[in-house]
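Enquirer: Residue numbers (my numbering), protein chains in the order written: chain A, 1 to 65; chain B, 1 to 271; chain C, 1 to 379; chain D, 1 to 182.
Everything labelled a hint here was simulated from the structure, so no lab data went into it.
Calculated cross-link-like contacts (lysine-lysine; reagent style DSSO-like; alpha-carbon spacing at most 30 Å):
1) A:28 - B:182
2) D:110 - D:152
3) C:3 - D:3
4) D:113 - D:152
5) D:89 - C:300
6) B:189 - B:251
7) A:61 - B:7
8) A:5 - B:7
9) B:269 - D:157
10) C:4 - D:157
11) C:4 - B:269
12) A:5 - B:220
13) D:3 - C:304
14) A:61 - B:223
15) B:220 - A:38
16) C:3 - B:269
17) D:157 - C:47
18) D:152 - D:121
19) D:66 - C:300
20) C:242 - B:7
21) B:43 - C:47
22) C:205 - B:7
Okay, here's what each chain looks like letter by letter:
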Amino acid sequence: MSSRKAEIEIIERYCKGCSICAEFCPTKVLAMDAFVVKVVDADACIACMQCELRCPDFAIKVHKN
Amino acid sequence: MAYDYDKSLRPGKLPHIWCPGCGHGIVMKGLIRAMDTCELDRKNTAIVSGIGCASRISGYIDACTLHTAHGRAAAFATGVKMAKPEMNVIVVGGDGDGTAIGGNHFIHACRRNIDMTYVIMNNFIYGMTGGQFSPCTPTGDKASTTVYGNPDPVFDISKLAIGAGATFVARTTAFHATQIDKLIAEGIKHKGMSIIEVIDDCPTTYGRRNQFRSVIDMMKRLKDMAVPVAAAAKMTAEQLDGKMLTGVLHKEVRPEYTEQYAKIIDLAKSA
Amino acid sequence: MAKKVALLQGNDACAQGALYAGCMFFGGYPITPSTEIAEVLSIELPKRGGKFIQMEDEIGAMASVIGASLAGSKSLTASSGPGVSLKQELIGYACIAEIPCVIINVMRGGPSTGMPTGPGQSDVQQARWGTHGDHATIAVAPASVQEIFSETVRAFNLAEKYRMPVQVLYDEIVGHMRERIEFPEAGELEVIDRTAPTDSPEDYKPFDASKSDVPPLAAFGSDYKFHVTGLNKAADGFPTTKAELVDAEERRQISKVEKPEARADIESNEEYLTDDAEVVIFAYGSTSRSARYAVNELRKEGIKAGLFRPITLWPFPENRIAELAKQVKAIVVAEMNLGQMLLEVERVAKGTCATPFIGRVDGEPINPGQLIAQVKEAL
Amino acid sequence: MTKRYEIRFSGAGGQGLITAGIILAEAASIVEGKYAVQSQSYGPEARGGASKSEVIISDSPIDYPKATVVDACLAMTQEAADKYANGIKDGGVLLLDSDFVKNEPKGNFKTYKFPITRTAKEEVGREIVANVVALGAMIALTDVVARESGEKAVLAKVPEAFLDLNKKAYSTGYDKVKDLLK
Numbered sequence: 001m002s003s004r005k006a007e008i009e010i011i012e013r014y015c016k017g018c019s020i021c022a023e024f025c026p027t028k029v030l031a032m033d034a035f036v037v038k039v040v041d042a043d044a045c046i047a048c049m050q051c052e053l054r055c056p057d058f059a060i061k062v063h064k065n
Numbered sequence: 001m002a003y004d005y006d007k008s009l010r011p012g013k014l015p016h017i018w019c020p021g022c023g024h025g026i027v028m029k030g031l032i033r034a035m036d037t038c039e040l041d042r043k044n045t046a047i048v049s050g051i052g053c054a055s056r057i058s059g060y061i062d063a064c065t066l067h068t069a070h071g072r073a074a075a076f077a078t079g080v081k082m083a084k085p086e087m088n089v090i091v092v093g094g095d096g097d098g099t100a101i102g103g104n105h106f107i108h109a110c111r112r113n114i115d116m117t118y119v120i121m122n123n124f125i126y127g128m129t130g131g132q133f134s135p136c137t138p139t140g141d142k143a144s145t146t147v148y149g150n151p152d153p154v155f156d157i158s159k160l161a162i163g164a165g166a167t168f169v170a171r172t173t174a175f176h177a178t179q180i181d182k183l184i185a186e187g188i189k190h191k192g193m194s195i196i197e198v199i200d201d202c203p204t205t206y207g208r209r210n211q212f213r214s215v216i217d218m219m220k221r222l223k224d225m226a227v228p229v230a231a232a233a234k235m236t237a238e239q240l241d242g243k244m245l246t247g248v249l250h251k252e253v254r255p256e257y258t259e260q261y262a263k264i265i266d267l268a269k270s271a
Numbered sequence: 001m002a003k004k005v006a007l008l009q010g011n012d013a014c015a016q017g018a019l020y021a022g023c024m025f026f027g028g029y030p031i032t033p034s035t036e037i038a039e040v041l042s043i044e045l046p047k048r049g050g051k052f053i054q055m056e057d058e059i060g061a062m063a064s065v066i067g068a069s070l071a072g073s074k075s076l077t078a079s080s081g082p083g084v085s086l087k088q089e090l091i092g093y094a095c096i097a098e099i100p101c102v103i104i105n106v107m108r109g110g111p112s113t114g115m116p117t118g119p120g121q122s123d124v125q126q127a128r129w130g131t132h133g134d135h136a137t138i139a140v141a142p143a144s145v146q147e148i149f150s151e152t153v154r155a156f157n158l159a160e161k162y163r164m165p166v167q168v169l170y171d172e173i174v175g176h177m178r179e180r181i182e183f184p185e186a187g188e189l190e191v192i193d194r195t196a197p198t199d200s201p202e203d204y205k206p207f208d209a210s211k212s213d214v215p216p217l218a219a220f221g222s223d224y225k226f227h228v229t230g231l232n233k234a235a236d237g238f239p240t241t242k243a244e245l246v247d248a249e250e251r252r253q254i255s256k257v258e259k260p261e262a263r264a265d266i267e268s269n270e271e272y273l274t275d276d277a278e279v280v281i282f283a284y285g286s287t288s289r290s291a292r293y294a295v296n297e298l299r300k301e302g303i304k305a306g307l308f309r310p311i312t313l314w315p316f317p318e319n320r321i322a323e324l325a326k327q328v329k330a331i332v333v334a335e336m337n338l339g340q341m342l343l344e345v346e347r348v349a350k351g352t353c354a355t356p357f358i359g360r361v362d363g364e365p366i367n368p369g370q371l372i373a374q375v376k377e378a379l
Numbered sequence: 001m002t003k004r005y006e007i008r009f010s011g012a013g014g015q016g017l018i019t020a021g022i023i024l025a026e027a028a029s030i031v032e033g034k035y036a037v038q039s040q041s042y043g044p045e046a047r048g049g050a051s052k053s054e055v056i057i058s059d060s061p062i063d064y065p066k067a068t069v070v071d072a073c074l075a076m077t078q079e080a081a082d083k084y085a086n087g088i089k090d091g092g093v094l095l096l097d098s099d100f101v102k103n104e105p106k107g108n109f110k111t112y113k114f115p116i117t118r119t120a121k122e123e124v125g126r127e128i129v130a131n132v133v134a135l136g137a138m139i140a141l142t143d144v145v146a147r148e149s150g151e152k153a154v155l156a157k158v159p160e161a162f163l164d165l166n167k168k169a170y171s172t173g174y175d176k177v178k179d180l181l182k
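Let the sequences and hints guide you as you build the complete structure.
Expert: In structure tokens form, the structure reads like this:
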């Protein structure tokens, strides 16, 4: 079992690369890789859910542990 | 757990049609959460929209959905609600749809205080037709039909709704995602006409013409311009310049239209 | 038991016909000379649990009617020329989304405000082509108070059966005159309700024409969740731009009305002394009453005149007119406009007979004397 | 040839002449089972100025629903007389309120007159029933329906509290004209 607070699932085919999630992530878990968002620091996630809430494209699911 | 939006969405419809960074998707998610909060039976819920980007919400949510003509959503919704007052009726649309071509239907639905919830996404522009100015485009701003700057004064949608008689009026922004569902849910629970104005961003047709370098710039501005009503009470007029009040702006109790009409039916039957 | 009789105004008979047909919703906006329909229904609908709403404008009225129909109520609106002009946008919506509803147009002159209290018949082509895009049209034109009642019932039946808007057009003369009417007993006139789906809610597709070219329509607020849009759509109701789907849907929606079996069902004409006629007057609404008077006078003089009165204006009775055109020397077209249905008669007659025309747009009816003179000239 | 009879009631808007026309049409079509069509002027002119109500009565179905040549005309005011007391056929009849119509229309018809409104006020007791006085008078003048049919139609139309008043108004008008015709 991971000690991470949450697992972040990115549905790449829905992501339009707006970067809202990455920009407003308080712990910089996410970052843009060209036009798609990637998880770059999964351990930093505090499960605040802001990325999931703000993603306009239904492309992020945050599964809390 | 991640929030389960899928059960409320029609299968196979994603990705949606909105541009990267458009806030309509954020609002749609808020609407779905609010519908869940209020435990709305989708079979007994009508989502009615007009024409425009925001109006496409009706195609995605699995309910009784009615995508109507430009500006006419509130009037169609009035017919649905009158015929079946037991239905939950939600109207979704944009600023141009709701306050220009649909302005008359909008104000009269407010005046009647008919029990429906109107989520109006105000992104200051006609997005679908390519960025013409709307009644909500700030004066001086650029649009495809105001390249020299918009000469028109603007509508304040919430004030318009209050003035017209809506009994629940609230405002938030696409940035304030956690507030969207709470206000919509409060609107749904409110008996009467509730208006939830969501200040939204259109990066493609408004942002680019008006010196927003990115979606992020637009989101930051939404964040900065929002002042909760409670906080605003302690601020000076100067401090409030260029700000937008958010939260519940107006709430009152007034007889609801279909309930009033039910009394007419009783009267007529006993006459 | 003797039937209930009354001296009734045409507009009142229209409202009574709507109630007989099971109308449960009226959305309207005041306009002369149709307003009495709204007034009567504002009193009568709530007595039976129905709903009346006076909307903020004509477009809103039409919108409310479509919304109410989709929620399962038989719905009606009534207006006159300028108001019907405004409604055109949403009459088109009702066409493409296949929403049953009835639109009454008590015709006055025009264009624009025209002569609000004078009669006219100048909206007959608007009824056919007023909304944009290709579509079928069903429109009927009663000529008496009794017939306004029965044709309003039939309009509801056709709307429900063919799942589309149906227009009832009559001029101010029949709308405002009073005549004796016999009220049909319940069950005496047929009353048709829309076909409800038999598919399960999961399988229901609101525009699936595989079983019938008029797909069953579920109601909002029943067990069915579905999507309705004014966009071109596929069988499931969702928008599509696929050429073959768009084409098939457009053609189906027209053919459901214009195919021969449907025409035979929808068309209704009255013929008076046409069997041996050498000249036939083509007239509808109040003008047909003048025409009948004229035919009787002409017959007294030994002139073999007859009357063809389309009760269904659209679809146009083209087969019968084509036959008559071969039989007679002339079809005299008379209408209170400057030649609207004349275009159809000419199109169908294809020059096989003369098609002299008499039209008025001065707010006065076409009188029998004018018609008698025109028929004589045609011979 | 079936008989077609055309009657025009004219006066000022608000005098109740449209109602008078409707009652006559009901007397003919509902009480006596004949055919009748009633029509009237609409719009601003019905709310003031001269207004008219026309009734066509026939023993066969009525095709043309508008007046052609009027058999009988009532004019309660000078303006109505000037505007509507035309198109009366040769040998037709015109009834005037003699207090209000001073310049009598001329033509090949017979003119009868009495102070209709004053009769309602002074002999019946209420000016408001002048239209029913006029209706009784027109029926007496034309015999287009039976006296009893007209009375039955009047009584079916008015509220119960006013039955006696209207009955009196109707017979007063009827008798006045029958006296004139003696």
